[in-house]
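Visitor: Based on these hints, arrange chain Y on the given structure of chain W.
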Amino acid sequence: MNHVLQVTHLKKHYGDLLAVDDVSFEVARGEVFGILGPNGAGKTTTLEMIETLRPLDAGEVVLDGLDVRNEPRKVKQRIGVQLQSSSFFDKLTLTELLLLFGEMYGRHSDPLALLDEVELRDKAKSYVAQLSGGQKQRFSIAAALVNDPVILFLDEPTTGLDPQARRHLWGVIKRIRTEGKTIVLTTHYMEEAEELCDRVAIMDRGKIIANGPPQELIQQLLGRGFKKARVERLANLEDVFLNLTGHSLRDE
Amino acid sequence: MRLKLKLILSSLKMFMRQREAILWSLVLPLFMVFLFSFVKFDGVGHVSLGLVNHSQDTTLVSMLRQIQMLKISSGAEGEELARLQKGERALVLVIPASFQARGNDALTLYLNAEKVQEAQAGKMIVQRALDEMIFQQNHLPRHALHVESVNSRNLSYIDFLLPGILAMSIMQGGVFGVAFSFVILKKRGILRRLLVTPMPTSDFIVAQVLSRLLILMLQVLIMVGAGILFFDLHFVGSLFNMVVVGLLGGVVFLSIGFALSGVSKSEDQVAPLANLITLPMMMLSGVFFSRTNLPGFAHVITDFFPLTYLADGLRAIAIEGAALPDLYPQLLGLAAWAMVTLFIAVKAFRWE
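Protein chains in written order, with the working numbering: chain W, 1 to 252; chain Y, 253 to 604.
Isolated chain W, as found in the complex (with noise of 0.2 Å):
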């Protein structure tokens, strides 16, 4: 089987507004897949009707073979959330709450390996509230991971975040990527998606009206003879910013 993800025709209502429209796409195995649109796209309706989250209005989401309508405790299994605004128990430490997660998946989680995969083991007996923004996000995704599952959700991870939090969140991302993970990510920053995407649908008021690699999607912009006003620079300030403050050598 070929794509691990495939979205038909999904629709999701709220009242009048059609939040989700028509949307849809497929996913290959091992490939990072980005939802790209602004606030309000319907970027996060859309994933939490794949996490089982929210029911389905119409269409059709099979995921690894499993329809989600039907199966969604299988669905749950397979697959790892971070949610937009996750947060985790107090009183907790990171070590115990990767374990009681591994626990509700029904298997024994190693924690020091997943804090390792993350880049936070010297915070394995710390509580959550005691991390900054960036190694909270780093954690949810290691929560993420307990069941190793084939499919890893992130959304919007990296907002909120200074540009040193979010370039060490990238090196995360790539590295599970290259072990072999399918991620399904959304964002609103151009940059990131580029950065980190085979592919993305770019999405807004609940259509999805492009879908491609970024290299792809940018040529044939410029074959449709687009020019840009200024010519882009160099280096942006934020190349500035993280140069003159060593991001690669800070932990946040």
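By construction, these hints were calculated from the structure, which means they are not laboratory data.
Mixed in with the good hints there might be a few duds.
As the list claims (entries may be wrong) - Computed list of lysine to aspartate or glutamate pairs in EDC-like fashion (alpha-carbon distance at most 16 Å, straight line):
#1 W:136 <-> W:116
#2 Y:265 <-> W:96
#3 Y:438 <-> W:90
#4 W:91 <-> Y:272
#5 Y:439 <-> W:119
Guide: Structure of chain Y alone, referenced to chain W:
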């Protein structure tokens, strides 16, 4: 099963690491008992009597001075009466200049109308002293009263209070503990995060309920234990019965907590609701004071409060040694409340 056990252990661990939770459910109730243990509600300690003696005869005065219960201060008439008006004396006795032990003079006794009990007790003492003086002066024969003291189980206020406070803290732990922690779990998206795991939602709820009931048992054991060790609690009942009644009450108040967390979106919403339910019960269910002084209609209404059933039940076990069959009204009352509140909780509780 294994998952439920892990969930229970985790939530007990979280409870033990949460200083506020321990403070509210274990330390504060004990502290309240400690504070109230200084309050003496029983009996009149002494009677303050102002004495104004205009005569030369001191027979009566010296007799009165031998009575331990009287706290006598003597002075000029005007001054003593002023002190009576200020409330510093319960009574003032004025002995006229013509007074003699063998005479029939009129003595005047001023009573403080605000200190009824103390003044009445004082009046009887003074009257009794006058009679005694006449007996002595006339060498009259009299009946002897043999007094023997018998050790009775003198129940103190603590014996009344401690089971009440225990009932109250079971209520607070159930209503506030559950309502607040679930509203927070919901608001911070922790429940949502659990929903994307394959864990059956019922496992989580069951584990939460069981871990809280375990904490409740701990509360019962600690309160009774500390009561016996430090507060001279006359505990004559069975701990097992205490736990049974406590658990039944716990189910009622946990259900109320779950129901409240279902209808509230934030801590700000849940706090007034929880207070609205618990405050009247705290005041009127006989936690601190007996309900016998409540007016008739209030008595009837408060008869049916779940906290009344719980407090009365725990108290009857603790100080009367009541067995469970003796407590059928309380057990029935709590069971009925448990069914009603569980039903509401199931209807009102929301994961999101």
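Visitor: Compare the structure with each hint and give your call.
Guide: So, going through the hints one by one against the coordinates:
no. : hint            : verdict
1   : W:136 <-> W:116 : 14 Å, holds
2   : Y:265 <-> W:96  : 10 Å, holds
3   : Y:438 <-> W:90  : 13 Å, holds
4   : W:91 <-> Y:272  : 12 Å, holds
5   : Y:439 <-> W:119 : 28 Å, violated
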